[in-house]
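Position chain B against the provided structure of chain A, taking the given hints into account.
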Amino acid sequence: MNESFNLKPGQINGETGIWEMVIGLEIHAQISSKSKLFSGASASFGAEANSNVSLVDAAMPGMLPVINEFCVEQAVKTGLALNAKINNVSIFDRKNYFYADLPQGYQISQFTKPIVGEGEIIIDLDDGLQTTIGIERLHLEQDAGKSLHDQHPSKSYIDLNRTGVALMEIVSKPDIRSPQEAGAYVKKIRSILRYVGACDGNMEEGSLRADCNVSVRKSGEEFGTRCEIKNLNSVRFIIQAIQSEAERQVEILEEGGKINQETRLFDTSTGETRSMRSKEDAHDYRYFPDPDLLPLEFSDSWVQKIRETLPELPDLLKKRLVTDFGITPYDASILVEEKDYVDFYQKAANGKDGKLTANWMITELFGALKKENISLSNSPISPENLGQLIALISDGTISGKIAKDVFAEMMISKKSPSDIVKEKGLEQVSDDTEILKLIDKVISENEDKVKDYLGGKDKLFGFFVGQVMKLSQGKANPGIVNKLLKDKLK
Amino acid sequence: MSNKESIVDIPTVNKIARLSRLNIPEASKQNLTNDLNNILGFVAQLDEVNTSDVKPLASVTGHKLPLRSDKVTDGNIEDLVLKNAPESSSGFFVVPKVIE
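These protein sequence lines are chains A and B, in that order.
Counting in the working numbering, the first sequence runs from 2 upward without gaps.
Counting in the working numbering, the second sequence runs from 49 upward without gaps.
If we strip away everything but chain A, and leave its shape as in the complex, we get:
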């Protein structure tokens, strides 16, 4: 159909017209604490089975939960970074369900009164546009244990190391309208969490995972019935899962069917979602306030103290990079993606040409690191050395072309660019007499071409420049070569 050419991201062209998606995300972020939310067992990843388990986590009778202050601080800090309302009184509730990896028979969570209320963030889309996504709430809760189903034909193996690890659940409003926006939202939340230091954002290790609520409707209609896709652990899967789930719903609705509100799983091998074989009462959690925990209360001055520890956040930082260093908003948005990047850039660009530094960092350095599969923190080129290279280009010591060779050498030897330039004698030649010697040599070796040029073949000028550059092994200052050649060939 022709209309499909005008489809926006998140729209589906069905038999009966164009549908739009309505998406809300629940992000579970593991707090970067040393110990668990309510016990003193370690929260680290990858330990021996059941070694990071206290009797509290194992839900032995008589054990009492005591809350981790650091986790409370991180939730408040994240709430502030999400421009959200901080609730000075919040309540812990028991969310009751039975599962083999949940020894308590309930998860301690926050239901009616979460620690953080409504907020909003700005997300950056690929086309340079921005849009605002509302935050519904953020609450603290316990993670569950881990079940392994593939160790034995008729048994499941349970490891409680993750049981009781502190999570923040960040719930968006249903403001998201396309899989791409959902991806951008997750990236932004991840970036904010990493700036704040509340969560390492490692999606592979499961420190950040998302549940996606998806429904479809015709433009302007009420929200449709939604399905929840559980436990997605990469931005790519989030985008794929939402797209395929929305298409599935459109197909059902257009055939006259109805959407069942249900929980679904994304099968990464087929790229489709499938129904979880859940029990009918799975969502009847019978929440009630945990009698073992008093309400969590703190003062405005305590919140203020935490506010003062907030780092400069990506949105403001981006604006500042544009003003302070004269770089484009696009380059700035790449540099603020990770705190590491900005820190590196600011060190490298200190007192240098900011634009040139950004170009070299984003194009050359990121390119080379990606090729070698090295992270920026292990870069063989230090920010100081990149800055020095930029200075050598800016002051004319080396040409941009030679700089690329020096850069390649820096990647291998980790030496400073000035050492490399000295060792290899790569300084740009800007001395007129030196360059004139080269020009004379080229002219005497190409007398016929000189004749042609003077006879009107203007195009040959480039040839002479090339020959002089070649003779200088790329070291002659191209600007000066141009100028002197023009004078000489009058």
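Note that these hints are calculated values from the structure, not bench results.
Cβ atoms here follow ideal geometry from the backbone N, Cα and C, with glycine treated the same way.
Please note that the accuracy of each hint is not assured.
[Unchecked claim] Covered by chain A, per the in silico footprint, the following chain B stretches (three or more residues, Cβ under 8 Å):
no., region
1, 77 to 89
2, 107 to 113
[Unchecked claim] Partial selection, computed: residues in chain B whose CB lies under 10 Å from chain A:
no., residue
3, SER68
4, ASN71
5, LYS119
6, THR121
For chain B alone, coordinates are given in the frame of chain A:
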């Protein structure tokens, strides 16, 4: 007492029992339903008190939720944790297969 007005019926009792994984013999269900209605009816008397100006009370002791600092002070007690498990293997609890 308003226990004439039943708050729960047998289907509700069945549902709560299922959610709580309790096996209740058919013969005791009616009695249990009555008991629950008596308890809920008794508690429902509180609704007669006007509490519109009363703040929710979480504790009568005046204590606040104690906080602990983020230190690893516990764990590495696998043997103790697994001691009561009917079955375990290489540090894991072993249970009948639960597949979602």
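Exercise. Which numbered hints are broken by the structure, listed smallest first?
Worked result: 1 and 4
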